[in-house]
Structure formats: structure tokens, C-alpha cells
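Trainee: Listed below, chain by chain, are the residues.
6 protein chains.
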Amino acid sequence: MSERYRKGIDIAELLAADKLAHFVESGIAEVAPDFARMVIEFAFGDIYSRKALDLRSRELIAIAALAASGTAGSQLRVHVASAEKSGISKEEVVEILMQIALYAGFPTALNALADCHDLLTDDNCLSGACG
Amino acid sequence: MSERYRKGIDIAELLAADKLAHFVESGIAEVAPDFARMVIEFAFGDIYSRKALDLRSRELIAIAALAASGTAGSQLRVHVASAEKSGISKEEVVEILMQIALYAGFPTALNALADCHDLLTDDNCLSGACG
Amino acid sequence: MSERYRKGIDIAELLAADKLAHFVESGIAEVAPDFARMVIEFAFGDIYSRKALDLRSRELIAIAALAASGTAGSQLRVHVASAEKSGISKEEVVEILMQIALYAGFPTALNALADCHDLLTDDNCLSGACG
Amino acid sequence: MSERYRKGIDIAELLAADKLAHFVESGIAEVAPDFARMVIEFAFGDIYSRKALDLRSRELIAIAALAASGTAGSQLRVHVASAEKSGISKEEVVEILMQIALYAGFPTALNALADCHDLLTDDNCLSGACG
Amino acid sequence: MSERYRKGIDIAELLAADKLAHFVESGIAEVAPDFARMVIEFAFGDIYSRKALDLRSRELIAIAALAASGTAGSQLRVHVASAEKSGISKEEVVEILMQIALYAGFPTALNALADCHDLLTDDNCLSGACG
Amino acid sequence: MSERYRKGIDIAELLAADKLAHFVESGIAEVAPDFARMVIEFAFGDIYSRKALDLRSRELIAIAALAASGTAGSQLRVHVASAEKSGISKEEVVEILMQIALYAGFPTALNALADCHDLLTDDNCLSGACG
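Residue numbers (the working numbering), protein chains in the order written: chain A, 4 to 134; chain B, 4 to 134; chain C, 4 to 134; chain D, 4 to 134; chain E, 4 to 134; chain F, 4 to 134.
Derived from the structure by calculation, the hints contain no laboratory data. There's no promise every hint is true.
No distinction is drawn between identical chains; accordingly, a pair holds when it is met within one copy or between any pair of copies.
What the hints assert, rightly or not - In the DSSO-like style, the derived pairs of lysine-lysine whose C-alpha atoms are separated by at most 30 Å in a straight line are:
no.	residue 1	residue 2
1	Lys88	Lys54
2	Lys54	Lys93
3	Lys88	Lys10
4	Lys10	Lys93
Construct the entire structure; sequences and hints are all you get.
Mentor: Structure follows, in C-alpha cells:
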């Protein structure tokens with residue numbers, strides 16, 4: 004296990020232990036185990052672990068970019084489902100998705116809100132307990 | 004002048020007085036004056052003015068979403084050129100654009116860095132003085 | 004209720020009373036009530052209500068742009084499901100979606116046709132009765 | 004010369020004789036002559052020539068889809084530069100581009116307006132005489 | 004039946020007889036029969052039939068472009084489900100989808116792997132027997 | 004210098020010594036030196052260096068995905084400018100870009116051909132000598 008992987012998995016688990024484990028390791032690790040490892044190493048070990056931005060900022064960026072893409076609903080859900088772990092409240096998640104309408108149009112913002120609807124209507128769901 | 008416009012122009016000027024004025028009002032206001040007004044009213048008067056997110060968070064979201072889109076270089080420059088006004092440092096802008104590679108691929112991140120190259124290499128350029 | 008909202012809801016109801024009410028108000032209004040209001044105010048109250056384009060033209064534009072995006076299947080369905088209300092026939096909807104292949108590629112056009120398949124095979128479904 | 008090409012070139016010339024000839028034939032025909040022919044045959048000979056939509060509707064769709072894509076500025080210009088030939092006025096072109104903000108966000112709409120700025124500020128430029 | 008259609012259907016059937024027949028002809032042919040014919044004529048009759056690239060190269064390009072788009076999961080599946088017919092192994096499909104992360108980001112690559120998960124975990128599924 | 008970097012730079016130099024060096028190292032390395040290193044390490048050291056696909060296949064995929072994105076003209080040029088080094092001829096590059104029209108529409112394919120026009124009209128330009 005590389006140092007990059009170890010650093011990455013620490014952050015990934017802090018963010019969304021079961022979710023990420025499930026997401027990355029189940030389906031993907033079965034057909035592309037090297038890729039599952041690379042995602043942890045590069046996304047979390049190389050990028051997220053850099054000190055220049057705190058975790059709350061990293062997650063604002065992740066949620067904004069994933070929502071704006073319009074094609075990453077399941078990844079958006081992983082980050083929204085653990086938003087509170089980096090200090091982002093439910094009200095703030097809703098504001099991020101509303102602001103996305105400015106840059107990516109109303110359908111993309113409405114779809115992002117719909118993708119996360121269950122997470123945003125259950126008071127216990129942004130702490131990593133649902134998703 | 005509507006209350007929405009007044010609130011919007013206050014934020015727009017706080018962010019990037021001359022830049023935004025220039026960007027929105029010159030070319031666009033000439034051919035689509037109602038649209039220039041709507042951008043101020045809706046983007047800044049309705050969305051940015053909401054209290055649930057502070058200005059630094061709004062700008063992290065704006066820079067992330069604009070960079071990830073891959074087609075909004077000039078809007079990205081407006082926000083990067085005034086990043087310091089909302090408390091985002093040059094080092095943080097670079098981190099945001101690097102993180103975008105995760106969600107939108109390397110070419111999009113490299114192009115965003117290239118779009119903002121002059122702003123990011125001049126120490127005085129994130130305070131609204133260049134752009 | 005603002006004048007903008009009143010104008011917007013009139014057009015939205017004319018287009019797709021139940022559909023739009025359902026789409027915008029149920030899920031979205033629950034988590035983001037201000038945003039549901041803004042969509043009505045801005046999209047229909049500010050833009051659609053402008054006289055410079057008739058409703059048929061507005062709907063041709065909506066269907067074309069939504070289909071071309073490739074990520075707005077549910078919004079596309081709302082507009083297709085009420086196409087006849089703005090004078091667009093089933094044959095014309097099919098032609099719009101075929102033409103989209105030129106600008107957005109064959110998969111996007113094929114997916115748009117598939118997204119609307121049930122609406123386009125039931126003779127009663129473009130008058131707002133299905134969807 | 005195929006019947007499809009003959010039908011296609013008739014429509015292409017009706018729309019934008021010199022522009023399209025220039026656009027498709029100069030650079031593209033030099034490196035990919037078969038492709039230049041296919042564009043005329045398929046886009047104009049097969050699709051545009053179908054009677055189920057009139058030319059004004061076809062051009063509303065083209066301008067909407069090209070503007071919404073955010074990456075087709077030069078093709079957008081070709082269609083805007085001959086908008087009047089299919090009965091679309093300058094005021095209507097501006098309305099189309101404003102409406103695009105709903106589906107593709109403000110930066111995309113603003114960029115489309117900027118891409119066509121010179122065409123939209125010269126009273127003689129939507130009849131195929133500029134561009 | 005045009006010569007272009009005959010050439011196209013030959014290649015389409017060689018690639019994915021039942022799949023393509025099902026995909027293109029069932030739903031689409033019902034609402035847009037001319038379009039189903041055009042897809043065969045243009046995509047396979049005009050483009051795929053050209054000798055300058057062998058079928059393996061054509062399919063590498065198709066899988067790469069469809070995966071990178073992020074919105075063509077069902078078309079991606081059609082091509083992956085018959086990958087072995089053009090000499091592309093399961094291991095190679097996985098490598099293509101991993102490489103797509105470089106150009107279109109991790110979520111797009113992960114979604115492509117998930118879209119094809121069942122095809123990539125059943126040893127008999129890239130020969131056209133599943134999908 | 005990590006082993007990943009060493010492997011990556013070997014492939015990057017084999018492909019496009021001066022071009023890539025210039026592209027990645029000049030502008031980007033100045034503002035984001037860690038990111039320039041990561042691109043080499045991850046894109047070329049981790050992905051391209053894997054044996055499961057030969058270099059010709061890797062480059063077919065790169066050119067297809069970059070062209071299809073519609074926003075990566077400069078990266079597309081880097082790969083096209085060294086196409087012959089991985090055994091892809093000028094005629095084959097043109098075929099790839101034509102085929103992209105199927106998946107990403109005609110404007111995207113036409114823009115890719117225009118982006119590479121000078122490289123495709125000079126007989127010496129696909130060997131890494133221009134660009």
C-alpha cells in the first residue's frame with residue numbers, strides 16, 4: 004500500500020467511510036481494481052490532502068463542480084451525504100445547488116436538487132448516515 | 004431601478020467594479036440591455052445577496068463551476084481577478100483549478116490555468132486591479 | 004406574490020398546468036421553496052412573458068436547447084408533453100429531435116427520442132394530458 | 004453530384020451563400036473534402052430539406068442548439084448572419100440568446116451574445132451581407 | 004433500400020446484429036422511421052464503411068467518444084457488448100474507460116465503468132451475446 | 004524525481020518532446036508546478052505506461068476523446084502533431100475527426116478539423132516537427 008493510498012484512504016474514510024468504500028470498491032474494484040486504487044491515490048492522496056485549502060472549501064468545490072457537470076449525480080450524492088462532516092449544512096447545500104443555476108442553467112440545478120432530494124429532506128442524512 | 008437591481012449592483016461592484024461594469028455593460032448592454040439588467044438582478048440581487056452563504060463560499064463555487072464548464076474563460080477571469088476581495092488567495096485559486104481536474108479532466112483544468120495565467124503570475128492581479 | 008411570479012405562473016399554467024406544478028412544486032419546493040419561486044419568476048415571468056417572440060417560437064427554442072443538452076430529459080418531457088398548446092405538432096417534435104443530431108450528435112438525438120417515446124406514440128399525449 | 008448534395012447546396016446557398024461556401028469549403032474541403040460534401044448532403048440535403056418544419060423553425064432550432072452548446076461560436080455566427088433570410092429579426096435573435104440562459108446558464112448566453120456582437124450592432128448584418 | 008443503407012446495415016449487423024436492430028429499430032423506428040434509416044445510412048453506410056480506418060480503430064474511437072460524453076450510456080453499452088467482434092478484449096475496454104478519466108474526469112470514467120459493469124464481469128458478454 | 008514521473012516523462016517525450024515540454028512546463032509549471040508534475044505522473048506515468056493497450060490505441064483514444072469534448076483544441080493539437088510517432092497517419096487523423104461528428108455533432112467535428120488545419124495541410128507536421 005503506497006503512502007499516497009494511505010493518505011487518500013484516510014481522507015476518503017473521514018468524508019464518507021461506508022459510502023465511498025461501497026462506491027469505489029464494490030463495482031469498480033471488481034472490474035478495474037487498479038483504477039479504484041488510483042482514484043483514492045490521486046483524488047484524495049494527491050489533491051485533497053494538500054494543505055492550501057481546508058476540507059470545507061474542498062467540498063464546496065466538489066459539490067459545485069459535480070452539480071454543474073449535470074452527469075455526476077451519484078458522485079454528487081456521495082459528497083452531499085457527508086457534507087456536515089466538512090462543516091457544510093443542509094441550508095448551504097441547497098444554496099450551492101441554487102447558485103449552480105447561474106452557471107449551468109435551471110435544468111441542471113433542478114436535477115441536482117432532485118438527485119439529492121431524499122438526502123435534503125431527512126434531517127439525519129448529511130452526516131454520512133444515509134446515502 | 005428595482006430593489007433587486009440595487010442589491011445586485013452593490014455586490015457586483017464590491018466584487019469587481021470596473022471589470023463587471025465593463026463586461027456586462029459594454030458589449031452586452033448595447034445589444035441586450037434588458038439582459039444586462041437581469042444578470043445583475045438575478046445573479047447578484049437574488050442569488051448572491053442571500054445570507055445563507057458568505058461571499059468567500061459563493062466565489063469558491065463560482066470559480067469551481069466556471070472552470071469546470073470549460074467554456075466560460077472570460078467569466079472565470081472576472082471572478083479570479085477579484086478573488087482577494089472575497090478572501091481567496093492566489094494559492095487557493097491555483098488549488099481550486101487543480102482540483103477541477105478530478106471532475107472535468109486535465110485539459111479543462113489546464114485550460115483554466117492558462118486562461119488565468121497572467122492574473123496568477125502578477126502579484127497585484129487578484130485584487131481587482133488587472134483583468 | 005410578486006407581479007413577476009403572477010405573470011410567470013400564468014404562462015407556466017397555460018403551458019403545462021399540472022405537469023409544471025408537479026415538477027416544480029413537489030420535490031423542489033419542499034427543499035428549495037425560494038428557488039421554485041425564482042424559476043417561475045425568472046424563466047416564465049421575466050423571459051417567456053416578453054412579447055418579442057411568440058409562444059410557439061419559445062417552445063421550439065426550449066425543446067431544441069433541452070434536447071441538445073443531453074442531460075435534461077425530464078424538463079424536455081414537460082415541454083414536449085404540452086407541445087400542442089403552443090401549436091407544435093407531434094410530427095414537428097420528431098423533426099426537432101432529428102435536427103438536434105446535427106448539432107449534438109446521434110446519441111443525444113436518439114436519447115431525446117427515447118426519453119419522449121411514450122409521449123410520441125400516444126396520440127393524446129402532446130396536449131398536456133399525459134406526462 | 005448526388006441528388007442529396009444538390010438539394011443540400013440549394014438550401015445552404017439560400018441561407019448563406021458566401022458564408023457557408025466559405026466556411027465549409029475553404030478550410031474543411033481542403034483537408035476533408037468528403038466530409039464537406041457529407042455536411043451539405045446530410046445536414047441540408049437530408050434534414051433541412053424535409054417539409055415538416057418551415058425554414059424559420061429550422062433556424063430557430065439551429066440558433067438555439069448552437070448557442071446552448073457553448074462551443075459552436077463560428078457556426079452560430081453563420082446562422083445568425085443570415086437570420087433575416089428565414090424571417091428572424093435582430094430582436095428575435097437577441098431573445099433566443101437571452102432565453103438560452105435558462106437552459107445553459109448565464110455565461111453561455113453572454114458568450115453567445117458576445118460572439119454575435121458585431122452582427123447584432125450593424126443593421127445590415129443579418130441579411131447575409133456581413134459575417 | 005439505398006446502397007448506403009445496405010452498406011450500413013451490413014456493418015451494423017456484423018457489429019451487433021440483435022442489439023443494434025433492437026436499439027435502433029424498436030423504439031426509434033416507431034416514432035422516427037426516417038431517422039432510424041438515416042442513422043444506419045450515415046453512421047455505418049457513409050462513415051464506418053470507409054476503408055481508411057479498420058473496424059478495431061473505429062470501435063476504439065466510438066467507445067472513447069461515447070464514454071467521454073458522459074450522456075451516452077446506452078450507446079456505449081451497444082459498442083462494448085460487441086467489442087470482441089472488432090478485436091477489442093475486455094481488458095482493453097477497461098483500459099479505454101480508465102484513460103477517459105484523463106480527458107473527462109473521474110466521475111465520467113467511473114460512470115462508464117458502472118454502465119458497463121455487467122458486461123465486464125461476465126466472460127461471455129463482449130461477443131454480442133448479452134447487452 | 005519519482006519513478007512515476009520518470010516513466011511518465013519518457014512517454015511524454017517519446018510522443019511530443021518539445022511540444023509537451025513547452026505546453027506543460029512553460030505556463031502551467033510557472034503557476035502550478037506540482038500540477039505540471041502530476042499530469043506527467045498520472046496521465047503518462049500511471050495510465051499511458053500500462054501495457055494493456057499499445058501506444059497507437061492510446062493515441063486513437065486521446066484524439067477521439069479530446070476532439071469530442073469540443074473544448075480541448077490545444078491538447079488535441081499536441082496529440083495530432085505527434086500522431087505519426089504512434090503510427091497514425093494524416094488520413095487516419097482526418098477519419099477520426101470525421102467519425103466524431105456521429106457522437107458530438109457536426110460543429111464539434113468541423114471545429115476539430117479547423118483547430119488542426121495547419122497540421123493537416125503540411126506534410127511534415129504530424130511527426131512532431133510543427134505545432
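Trainee: So, for every hint listed, does it hold in this structure?
Mentor: For each hint, the structure was consulted:
1. Within a single copy, Lys88 and Lys54 get their C-alpha atoms as close as 17 Å, and across copies as close as 21 Å, so both meet the 30 Å cut-off.
2. For a Cα distance limit of 30 Å, the shortest separation of Lys54 from Lys93 qualifies both inside one copy, at 25 Å, and across copies, at 14 Å.
3. Taking the shortest alpha-carbon separations for Lys88 and Lys10, only the intra-copy value of 18 Å comes in at or below 30 Å, while the best inter-copy value is 33 Å.
4. Proximity of Lys10 and Lys93 under a CA criterion of 30 Å is satisfied in both settings, with 28 Å inside one chain copy and 25 Å between copies.
In terms of the numbered hints stated before, the structure departs from none.
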